[in-house]
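K.L.:
As a plain string of letters, each chain reads:
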Amino acid sequence: MKITQGAFSFLPELTDAQIAAQVEYALGQGWAVSIEVTDDPHPRNCYWEMWGMPMFGLKDAAGVMTELKAARATRPQSYIRLNAFDSTRGWETIRLSFIVNRPDVEPGFHLDRVEEQGRVQRYAIRRKSA
Amino acid sequence: MTVQEKTPIDPKKRYSAGVLKYAQMGYWDGDYVPKDTDILALFRITPQEGVDPIEAAAAVAGESSTATWTVVWTDLLTACDSYRAKAYKVEPVPGQPGQYFCWVAYDIILFEEGSIVNLAASIIGNVFSFKPLKAARLEDMRFPPAYIKAFKGPPTGIVVERERLEKYGRPLLGATIKPKLGLSGKNYGRVVYEGLTGGLDFTKDDENINSQPFMHWRDRFLYCMEGVMKATADTGEVKGHYLNITAGTMEEMYRRADFAKQLGSVVIMVDLVIGWTAIQSIAEWCRANDMILHMHRAGHGTYTRQKNHGISFRVITKWLRLAGVDHLHTGTAVGKLEGDPMTVQGYYNVCRETKNEVDLPRGIFFEQDWCDIRKVMPVASGGIHAGQMHQLLHLFGDDVVMQFGGGTIGHPMGIQAGAVANRVAMETMVLARNEGRDIMAEGPEILRNAAKWCKPLEAALATWGAVTFDYASTDTSDFVPTASVS
Numbered sequence: 001m002k003i004t005q006g007a008f009s010f011l012p013e014l015t016d017a018q019i020a021a022q023v024e025y026a027l028g029q030g031w032a033v034s035i036e037v038t039d040d041p042h043p044r045n046c047y048w049e050m051w052g053m054p055m056f057g058l059k060d061a062a063g064v065m066t067e068l069k070a071a072r073a074t075r076p077q078s079y080i081r082l083n084a085f086d087s088t089r090g091w092e093t094i095r096l097s098f099i100v101n102r103p104d105v106e107p108g109f110h111l112d113r114v115e116e117q118g119r120v121q122r123y124a125i126r127r128k129s130a
Numbered sequence: 001m002t003v004q005e006k007t008p009i010d011p012k013k014r015y016s017a018g019v020l021k022y023a024q025m026g027y028w029d030g031d032y033v034p035k036d037t038d039i040l041a042l043f044r045i046t047p048q049e050g051v052d053p054i055e056a057a058a059a060v061a062g063e064s065s066t067a068t069w070t071v072v073w074t075d076l077l078t079a080c081d082s083y084r085a086k087a088y089k090v091e092p093v094p095g096q097p098g099q100y101f102c103w104v105a106y107d108i109i110l111f112e113e114g115s116i117v118n119l120a121a122s123i124i125g126n127v128f129s130f131k132p133l134k135a136a137r138l139e140d141m142r143f144p145p146a147y148i149k150a151f152k153g154p155p156t157g158i159v160v161e162r163e164r165l166e167k168y169g170r171p172l173l174g175a176t177i178k179p180k181l182g183l184s185g186k187n188y189g190r191v192v193y194e195g196l197t198g199g200l201d202f203t204k205d206d207e208n209i210n211s212q213p214f215m216h217w218r219d220r221f222l223y224c225m226e227g228v229m230k231a232t233a234d235t236g237e238v239k240g241h242y243l244n245i246t247a248g249t250m251e252e253m254y255r256r257a258d259f260a261k262q263l264g265s266v267v268i269m270v271d272l273v274i275g276w277t278a279i280q281s282i283a284e285w286c287r288a289n290d291m292i293l294h295m296h297r298a299g300h301g302t303y304t305r306q307k308n309h310g311i312s313f314r315v316i317t318k319w320l321r322l323a324g325v326d327h328l329h330t331g332t333a334v335g336k337l338e339g340d341p342m343t344v345q346g347y348y349n350v351c352r353e354t355k356n357e358v359d360l361p362r363g364i365f366f367e368q369d370w371c372d373i374r375k376v377m378p379v380a381s382g383g384i385h386a387g388q389m390h391q392l393l394h395l396f397g398d399d400v401v402m403q404f405g406g407g408t409i410g411h412p413m414g415i416q417a418g419a420v421a422n423r424v425a426m427e428t429m430v431l432a433r434n435e436g437r438d439i440m441a442e443g444p445e446i447l448r449n450a451a452k453w454c455k456p457l458e459a460a461l462a463t464w465g466a467v468t469f470d471y472a473s474t475d476t477s478d479f480v481p482t483a484s485v486s
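The listed protein sequences correspond, in order, to chains A and B.
Quick note: the first sequence uses this note's numbering, first residue 1, plus one each step.
Quick note: the second sequence uses this note's numbering, first residue 1, plus one each step.
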């Protein structure tokens, strides 16, 4: 099962050149790029582990690509995403986020149910073990 | 009219019993400089034959503020001049003989804080039926910061919605379940599940899906949430279905909203026809319950479409941003429903910008500071398909929900394939735009290249690639700068 979070999960895996082009776009918008890693891509897990601080004030994509290479070398079987943060007043949030590394096997999720009165079901999404 | 006639006359004569011209009663002041605290309105009026445009403009100002048809001495018990709205500028509408733009200023004391219904009752209360006018249209409004800050605005807004959904950097994708009437709850939920697991972010109830004999609302809610949660588990993405809670009473709407919340829905929906008070009430509920509020603009075409009479949708958009909705259908420009592209972009800017600058080609007549009130997510829905992706992205950018109903559910390979086609078309176009490619020139080729590895997109382009809705718009801005009437 392929997790489809992020802006480009329906496309073939991006090459490093394609990733660098997206980073250049983000920097051109004045956004700060950061790298985050997780082994728990639950849809409600909004705090992935930060791979260092957001990279403020970069001139080009090279710095991001170096860090991404290091993250991949250390965590090859983890999910890694790039975020681009916009500090403009009224936004002050992520403006672009996409996955750049996945484990070889993506186990996916179980939907657990607890039946309650009146046909209501209480749902819980649980990560399948790899 | 002479200058003297247009100017408020001698107070002794002003309050003699009888009928006076509105301009003579003090509702026209060509020298008036609007105060920063005034609420401003721009009307397009068509006076009856022989009615002076300035007198007609004064009548609009009068009838939408303090005037009645005759002189009343009781005005003298009030600081009456400050309660009189003032028409302060009249210009002929370019290319539309007999029509005039007229600008009216209202003192802020005329309005109750935090009440769109009060604003509506004042501004559109009775002038639109006024006999000396053949037709009238409220084109645009400007609100001062003090008035804006009396409203809470969107309960969620674009920024918080995206953070809740964890979806950034691309338009959101939706589809309205079809057929809109007749499916049982179980069959309806199937369409929800197929669309969402295929790649949509949202599915949607249509405006007239409430609680009919073929599908009662509780059934719909239960089956839809089953589809939503299954699709969430399948994809690892937060998904939603706009559960339409529109009902006959506010009590019943709250009941349905509470059930949607109990089931874990992230979003509920109402129709514009529920009315301004109900909209503000449900917005309050959404704020208290962390719920995204989707507004379907059902019925607006009855008064927004004809440019000589009614209310422009840009005014409705402004009122809804204040009243507090998170999603608003604002048109597609390229789809099956009315919408000149520039005019539609104007609505999008009203939804999303922190401050609107004057932009006459897009129908924005006033500068408007939104004072940090949250942004509304516009929704493009109605007769759009994957083959138009480059146009949609170029016109509307990332912060929009693109809804392909027929363009998903009518896909020849099935609903999931329809969702895949739209998602691939969208992601591939965003990627290309970000890479600096000229998507308006290269869009069709970008889509064809993606269709080489994506069969569902290939089938979508083969089915709908040639479909366009190329009709003349009835509602365009009409503005070119011209001389004033004097």
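Just so you know, these hints were derived from the structure itself, not from any lab.
Some clues are possibly wrong.
[Stated by the list, open to error] Distance condition first, Cα-Cα at most 30 Å in a straight line; then the derived DSS-like pairs of lysine-lysine: (1) B/35 / B/455; (2) B/167 / B/13; (3) B/167 / B/186; (4) A/2 / B/167; (5) B/149 / B/13; (6) A/69 / B/167; (7) B/178 / B/230; (8) B/152 / B/35; (9) B/89 / B/13; (10) B/180 / B/131; (11) A/59 / B/167; (12) B/167 / B/89; (13) A/2 / B/261; (14) B/180 / B/355; (15) A/59 / A/2; (16) B/89 / B/178; (17) B/455 / B/152; (18) B/186 / A/128; (19) B/261 / B/167; (20) B/180 / B/261; (21) B/455 / A/2; (22) B/21 / B/134; (23) B/355 / A/2; (24) B/131 / A/2; (25) B/167 / B/152; (26) B/35 / A/128; (27) B/261 / A/128; (28) B/452 / B/180; (29) B/131 / B/89; (30) B/89 / A/2; (31) B/355 / B/149; (32) B/186 / B/89; (33) B/13 / A/128; (34) B/230 / B/13; (35) B/152 / B/131; (36) B/149 / B/131; (37) B/186 / B/455; (38) B/186 / A/2; (39) B/186 / B/261.
K.L.:
Now tell me, hint by hint, if it's right for this structure.
P.N.:
Against the structure, the hints:
This hinted pair does not check out: residue 35 of chain B and residue 455 of chain B have alpha carbons roughly 60 Å apart, beyond 30 Å. Proximity of residue 167 of chain B to residue 13 of chain B is assessed by CA-CA distance (about 67 Å); at most 30 Å being required, the pair is judged violated. Distance check on the hinted pair: residue 167 of chain B and residue 186 of chain B sit about 29 Å apart at the alpha-carbon level, within 30 Å; holds. A distance of roughly 16 Å separates the Cα atoms of residue 2 of chain A and residue 167 of chain B; the hinted pair therefore holds under the 30 Å criterion.
A C-alpha spacing of about 41 Å is found between residue 149 of chain B and residue 13 of chain B, which places the hinted pair above 30 Å, so the restraint is violated. Our distance criterion of 30 Å between C-alpha atoms is met by residue 69 of chain A and residue 167 of chain B, whose separation comes to about 24 Å. Distance check on the hinted pair: residue 178 of chain B and residue 230 of chain B sit about 20 Å apart at the alpha-carbon level, within 30 Å; holds. Distance restraint check for residue 152 of chain B and residue 35 of chain B: the Cα-Cα separation of roughly 24 Å lies within the 30 Å cut-off, and the hinted pair is therefore satisfied.
Taken as a hint, the residue 89 of chain B and residue 13 of chain B pair is honoured in the structure, with Cα atoms around 25 Å apart against an allowance of 30 Å. A C-alpha spacing of about 41 Å is found between residue 180 of chain B and residue 131 of chain B, which places the hinted pair above 30 Å, so the restraint is violated. Straight-line distance between C-alpha atoms of residue 59 of chain A and residue 167 of chain B comes to about 26 Å, which keeps the hinted pair within the 30 Å bound. At most 30 Å may separate the alpha-carbon atoms for a hinted pair to count; residue 167 of chain B and residue 89 of chain B exceed this at roughly 46 Å.
The suggested pairing of residue 2 of chain A with residue 261 of chain B holds, with an alpha-carbon distance near 29 Å, which does not exceed 30 Å. Pair hint residue 180 of chain B plus residue 355 of chain B does not hold up; C-alpha atoms about 37 Å apart against a cutoff of 30 Å. This hinted pair does not check out: residue 59 of chain A and residue 2 of chain A have alpha carbons roughly 33 Å apart, beyond 30 Å. For the hint pairing residue 89 of chain B with residue 178 of chain B, the CA-to-CA distance comes to about 49 Å; that exceeds 30 Å, so the pair is violated.
Taking the CA atoms of residue 455 of chain B and residue 152 of chain B, the gap is about 46 Å. The hint is violated against a cut of 30 Å. Restraint check: the Cα-Cα separation between residue 186 of chain B and residue 128 of chain A comes to about 28 Å, which is no more than 30 Å; the hinted pair holds. Annotation: proposed proximity of residue 261 of chain B to residue 167 of chain B holds, straight-line Cα distance about 21 Å (limit 30 Å). Of the pairs offered as hints, the one joining residue 180 of chain B and residue 261 of chain B holds, with about 23 Å between alpha carbons and a cut-off of 30 Å not exceeded.
Annotation: proposed proximity of residue 455 of chain B to residue 2 of chain A holds, straight-line Cα distance about 18 Å (limit 30 Å). At roughly 18 Å between alpha-carbon atoms, residue 21 of chain B and residue 134 of chain B fall within 30 Å of each other, so this suggested pair holds. As the CA atoms of residue 355 of chain B and residue 2 of chain A are separated by approximately 41 Å, the hinted pair breaks the 30 Å bound. For the hint pairing residue 131 of chain B with residue 2 of chain A, the CA-to-CA distance comes to about 65 Å; that exceeds 30 Å, so the pair is violated.
Note on residue 167 of chain B and residue 152 of chain B: the hinted pairing holds, with a Cα-Cα distance of about 25 Å set against a maximum of 30 Å. Taken as a hint, the residue 35 of chain B and residue 128 of chain A pair is broken in the structure, with Cα atoms around 63 Å apart against an allowance of 30 Å. Restraint check for residue 261 of chain B and residue 128 of chain A: satisfied, since their Cα atoms lie roughly 27 Å apart, inside the 30 Å limit. Restraint check for residue 452 of chain B and residue 180 of chain B: not satisfied, since their Cα atoms lie roughly 33 Å apart, outside the 30 Å limit.
The hinted pair formed by residue 131 of chain B and residue 89 of chain B meets the criterion: a straight-line CA distance of about 21 Å does not exceed 30 Å. For the proposed pair residue 89 of chain B and residue 2 of chain A, the alpha carbon gap of about 61 Å is over 30 Å, so the pair is violated. A hinted pair counts as satisfied when its Cα atoms are at most 30 Å apart, and residue 355 of chain B with residue 149 of chain B qualifies at roughly 14 Å. A threshold of 30 Å between alpha carbons decides the hint, and for residue 186 of chain B with residue 89 of chain B the separation of about 59 Å lies outside it, so the pair is violated.
In summary, the hint linking residue 13 of chain B to residue 128 of chain A is not supported, as the alpha carbons are separated by about 87 Å, beyond the 30 Å threshold. Restraint check for residue 230 of chain B and residue 13 of chain B: not satisfied, since their Cα atoms lie roughly 76 Å apart, outside the 30 Å limit. Restraint check: the Cα-Cα separation between residue 152 of chain B and residue 131 of chain B comes to about 37 Å, which exceeds 30 Å; the hinted pair is violated. Restraint check for residue 149 of chain B and residue 131 of chain B: the C-alpha separation of about 36 Å exceeds 30 Å, so the hint is violated.
With a CA separation close to 29 Å, the supplied pair residue 186 of chain B and residue 455 of chain B stays within the 30 Å bound. Between residue 186 of chain B and residue 2 of chain A the CA atoms are separated by roughly 27 Å; this keeps the pair inside 30 Å, and the hint holds. Taking the CA atoms of residue 186 of chain B and residue 261 of chain B, the gap is about 20 Å. The hint holds against a cut of 30 Å.
Against the hints set out earlier in the document, violations occur for numbers 1, 2, 5, 10, 12, 14, 15, 16, 17, 23, 24, 26, 28, 30, 32, 33, 34, 35 and 36.
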